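Trainee: Full structure from sequences and hints, please.
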Amino acid sequence: MKSKARYLNPEVVARLSRLDLKARLVVEGFLTGLHHSPYKGFSQEFTDYRPYIPGDELKCIDWKVYARRDRFYVKEYQEETNLRAYILLDKSGSMGYGKHITKLEYAKFLSACLAYLLFKQRDGVGIITFDTKINDFIPPSAKKINFTRIIEAIDNINPGNETSLAQVLFELGRKIKRRALVILISDLFDEPKMVLKSLKSFRARKHEIIVFQIIDSQEFTFPFGETAIFQDMETDENLVIEPGAIRDSYQKRFKEFLNYYHQGVLESHIDYELINTEETFDHALFSYLQKRARLL
Amino acid sequence: MKFLYPVYLFGLILIAIPIIIHLYFRKKLKKIFFSSLMFLKRAEASRLRWLRLKEILILIMRCLIIAAIFLALARPQFEGGLFTKNRLAAVYVIIDNSFSMGYDKNFETALNQAEKIIFTYSPKSVFYVAPLCNQQNFKPFWSNRNSALKILREIKLSYSMGSLKDLYTRFLEEKTELPKEFIYIGDGQTINFKDIEALKDFYWLKIPIGSSNIVIEYGALKNPFLTPKDYYELKVNIKNYSTRSYLGKVQLVADNYVRQQDCEIPPGQDLITTFSIPVMIKNGVVKIDGDSLAIDNQYFFTKSLLTRVKVLIAGNDEYIKLGLSPSATIKTPFEIENTTDLKRIDLRPFQIVILNGIEEITEFEILKLNNFLTQPRNGLIVFIGPKVGQQLKNFLTDCGNIEDWINIDGYLNIKWFDTNYEPFYIFADNPGLKTIKFFKFCRITPRGRALARLDNDMPLIINHSNIMVIATEFNENNTDIVYNSNFLPLLHSLIYGLINKNIDNEFKVGEKLLRPGLIKGLDGEILSEGIFSKPGFYTVDSETLSVNIDPLESKPVTISSEMAKNLGIKTITTESLSGPADLTTLFLILALCALVCELLFLLL
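Protein sequence lines, in the order shown, are assigned to chains W and Z.
Numbering-wise (my numbering), the first sequence opens with residue 30 and increments by one.
Numbering-wise (my numbering), the second sequence opens with residue 11 and increments by one.
Simulated from the structure, these hints should not be mistaken for laboratory data.
Each hint should be verified, as a subset may be incorrect.
As a list, the in silico DSS-like pairs of lysine-lysine whose alpha-carbon atoms are at most 30 Å apart [what the hints assert, rightly or not]: (1) Z:K40 x W:K128; (2) Z:K292 x Z:K149; (3) Z:K353 x W:K229; (4) Z:K64 x W:K284; (5) Z:K41 x W:K128; (6) Z:K353 x Z:K403; (7) Z:K175 x Z:K126; (8) Z:K126 x Z:K149; (9) W:K222 x Z:K210; (10) W:K284 x Z:K41; (11) W:K281 x Z:K51; (12) W:K162 x Z:K64; (13) W:K281 x Z:K353; (14) Z:K544 x W:K281; (15) W:K284 x Z:K40; (16) W:K93 x W:K128; (17) W:K284 x Z:K51; (18) Z:K232 x W:K162; (19) Z:K38 x W:K128; (20) Z:K292 x Z:K38; (21) Z:K544 x W:K226; (22) W:K128 x Z:K259; (23) W:K281 x Z:K64; (24) Z:K134 x Z:K210.
Computed footprint of chain Z on chain W, listed as stretches where at least three residues anywhere in the stretch have a Cβ under 8 Å from a Cβ of chain Z [to be verified]: (25) 253-266; (26) 272-279; (27) 282-289.
On a predicted model such as this, the values are computed, not experimentally measured, just so you know.
Virtual Cβ for every residue (Gly too), placed ideally from N, Cα, C.
Mentor: Written out as structure tokens, the structure is:
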């Protein structure tokens, strides 16, 4: 159990080579950590028996097994849903930043994990990658071949150009016609007002949204000391900066930026998770499962 | 600017070090890739420009420190711009030795500055060194530098005023192949520039004048036309030219007679104080507590008090005699005689001769009268009668052209009196004299000074030298003056107007005694030229004379910079002549300041 749980650590995962393997290990590591998982048992396809626990519905007791064994067992079924999920992965230049692993790498693992989890639960899963425009668009499907394509697409992602998050979201809003679960994985480094507006437009089309805002710890703390030339990873713009002189001001503005999103998504009933790349994946996965439970 | 050790200037190359370091580190600055400059830009916006500026300012300060240190090591020397060294010229160096230069050490400063100026010229230059005052005792000539310096040291402070006009005129007339320059070193009192309209090649080395001068302007008899009995009154005018109130004592010292009064004079104002002095004391000194210019703090007085005046009347003497000596009981200072024959009488005992209605005089009488009038204290009063002979007309021609006798219907009054004529000041507030009627009078075209005019603007009283002409005869047919209470004061004023000239034996420094006599100073010095060169007491034929400075020089009024500019004067100050200034300390201070600034910038 412990050996599987270590795959929840991003740094450990980063050392693995195959992304599908990474996703499998992470998800399994995550799932083995869940005791008395409430997320099993909704499928119509039988999977396993488990001893009766007080509180289980009586209709679930397999009376034939009781007759044979004189003990109460409850049947478990594999879930079958018509959930369509879109993973929106931001591959803009700013996502390429990170101290140990980049935000994009983290986002890729998280996307793969979520895709795996969704696939495993027989949900239709698709992926959309974007920077200033949409790069990859794989529509949702529960087939294994789709999952393989998704993993390939994620694997091939490299940091791109500037972000036009709001614009891309508006565009996707028009493309995704059927109600779906939209999982946005991005650092949201774009004009917050516009981004929130685009997310609200998703909500208005009855889509369910989970936003994972990926942030590197250095972006919080701005720990740089000496005067240096700072280069924008999206625009390549250079700026000579004395970090010590502006740290407080930077931190204040960054906090304001995060708070603005936090406040905005709360008001719009959008699920939002701020994720530091140093955090383990279970935090993100857990919040996804909570959301899924609410949906089903 | 010159440098004593110019080799250190090579050190200025080291200025390149901070610049190179700056550029090197700028190039070597670590590059950090960051997700987005969005927040940094916002945070930086206000500080960014300041940071860039700060970086440059620090670099400048570092360069400045190095530059200042090496410039200081090279010992920079600054030389005045106006007088460049080793100029070849023919130079007039005029030292203001007027007594206003006696403020503090102004005169010594002037001499020292003159010496410095002379040294700024080439040794081949020629100099004409002269004082502003007392030039008659000074024989200047073109000289070389050494002689000029010697002459310079012979110039002494004077007690008189001076004018630059004559010296400058002489300067203009000088013919020399060298470029000419005129340098005046002094306080620049306005009076020194009197009658000068434009100047060329004229330099004024300004010696700042003092601003706290107290001066005794004059001492005068309070009433010069009264014969004092026991005491006479001397009014003393003290002027405070200072910007502060003067609080001190004014003291009168005459033989063993000493009187002292406290006085307080607000800034810029006069104080007239009066001393009562016994009639036997005729001369003395009035002094005030000293300021830095002590020359004008004392006033030597010699007062001639009114004594009996011998008057000779030729012609109708009835009314004039009555006017000068109304009755035996009224004591007047006049001793009157009359004559019908001017030829025969000896005029020497008399001081005043009155011709009342005389028609004509002979040539011999003219000769006698002319001889009589050569004495400065003698005077002639002529009342013009109905007929005037040609010789009398000629005799009075300096006063005016005597024309015809006018009979009018009715009468005229006196329209105007010249109250600026000192003996007439008593009529200034007295309209009584203007009520006197004149029935007949003579038309005179004046050449002398008209002292009174009638309603038709014709002159009534004309004065020239010590002759007074009145355009009417004094009798009851021509005027009712003989019945007027102002008759006596008018006669007195006419007489004292004539004899009061030089009644005080008081002179000003620089004036010349016109009458012959051996002038001796109290210290035994004999004035051969007859010109008074310093204040004090002198004796001439056992008569005491007092000599004072002219208080005009005491007024601290210098020509304004605008006026100097208009005149074409190039003004220079002592600072600009103080020779090469060592700027080492200045550069060291500059380096220190730059260091402090750099530290401040680093802390900000």
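Trainee: Hints first: check each against the structure and report whether it holds.
Mentor: Here is what the structure says about each hint:
At most 30 Å may separate the alpha-carbon atoms for a hinted pair to count; K40 (chain Z) and K128 (chain W) meet this at roughly 16 Å. At roughly 39 Å between alpha-carbon atoms, K292 (chain Z) and K149 (chain Z) are farther apart than 30 Å, so this suggested pair is violated. Distance hint between K353 (chain Z) and K229 (chain W) is unfulfilled; the C-alpha atoms sit about 142 Å from each other, more than 30 Å. Under the criterion of a C-alpha separation no larger than 30 Å, the hint pairing K64 (chain Z) with K284 (chain W) is consistent with the structure, at around 29 Å.
At most 30 Å may separate the alpha-carbon atoms for a hinted pair to count; K41 (chain Z) and K128 (chain W) meet this at roughly 15 Å. Of the pairs offered as hints, the one joining K353 (chain Z) and K403 (chain Z) holds, with about 18 Å between alpha carbons and a cut-off of 30 Å not exceeded. Restraint check for K175 (chain Z) and K126 (chain Z): the C-alpha separation of about 25 Å stays at or below 30 Å, so the hint holds. For the hint linking K126 (chain Z) to K149 (chain Z), the alpha-carbon distance of about 22 Å falls within 30 Å, and the restraint holds.
A hinted pair counts as satisfied when its Cα atoms are at most 30 Å apart, and K222 (chain W) with K210 (chain Z) does not qualify at roughly 81 Å. For the given pair, K284 (chain W) sits about 25 Å from K41 (chain Z) by alpha-carbon distance, which is consistent with the 30 Å threshold. Between K281 (chain W) and K51 (chain Z) the CA atoms are separated by roughly 13 Å; this keeps the pair inside 30 Å, and the hint holds. For the suggested pair K162 (chain W) and K64 (chain Z), the alpha carbons sit about 42 Å apart, so the restraint of at most 30 Å is broken.
A hinted pair counts as satisfied when its Cα atoms are at most 30 Å apart, and K281 (chain W) with K353 (chain Z) does not qualify at roughly 126 Å. For the given pair, K544 (chain Z) sits about 89 Å from K281 (chain W) by alpha-carbon distance, which is inconsistent with the 30 Å threshold. Annotation: proposed proximity of K284 (chain W) to K40 (chain Z) holds, straight-line Cα distance about 26 Å (limit 30 Å). For the suggested pair K93 (chain W) and K128 (chain W), the alpha carbons sit about 58 Å apart, so the restraint of at most 30 Å is broken.
The straight-line distance between the Cα atoms of K284 (chain W) and K51 (chain Z) is roughly 15 Å, inside the 30 Å bound, and the hint therefore holds. Distance restraint check for K232 (chain Z) and K162 (chain W): the Cα-Cα separation of roughly 114 Å exceeds the 30 Å cut-off, and the hinted pair is therefore not satisfied. Taking the CA atoms of K38 (chain Z) and K128 (chain W), the gap is near 22 Å; set against the 30 Å cutoff, the hint holds. Proximity of K292 (chain Z) to K38 (chain Z) is assessed by CA-CA distance (about 100 Å); at most 30 Å being required, the pair is judged violated.
Between K544 (chain Z) and K226 (chain W) the CA atoms are separated by roughly 106 Å; this puts the pair beyond 30 Å, and the hint is violated. Taken as a hint, the K128 (chain W) and K259 (chain Z) pair is broken in the structure, with Cα atoms around 95 Å apart against an allowance of 30 Å. For the hint pairing K281 (chain W) with K64 (chain Z), the CA-to-CA distance comes to about 24 Å; that is within 30 Å, so the pair holds. Among the hinted pairs, K134 (chain Z) with K210 (chain Z) is consistent with the structure: their alpha-carbon atoms are about 23 Å apart, no more than 30 Å.
Coverage of the segment 253-266 of chain W by chain Z holds in this model, with 12 residues showing a Cβ closer than 8 Å to a Cβ of that chain against a need of three. Residue count for the segment 272-279 of chain W with a Cβ under 8 Å from a Cβ of chain Z: 4. That meets the three needed, and the coverage hint holds. Against chain Z, the segment 282-289 of chain W contributes 3 residues with a C-beta closer than 8 Å to a partner C-beta. That satisfies the three-residue criterion, and the hint holds.
Of the numbered hints listed earlier, those contradicted by the structure are 2, 3, 9, 12, 13, 14, 16, 18, 20, 21 and 22.
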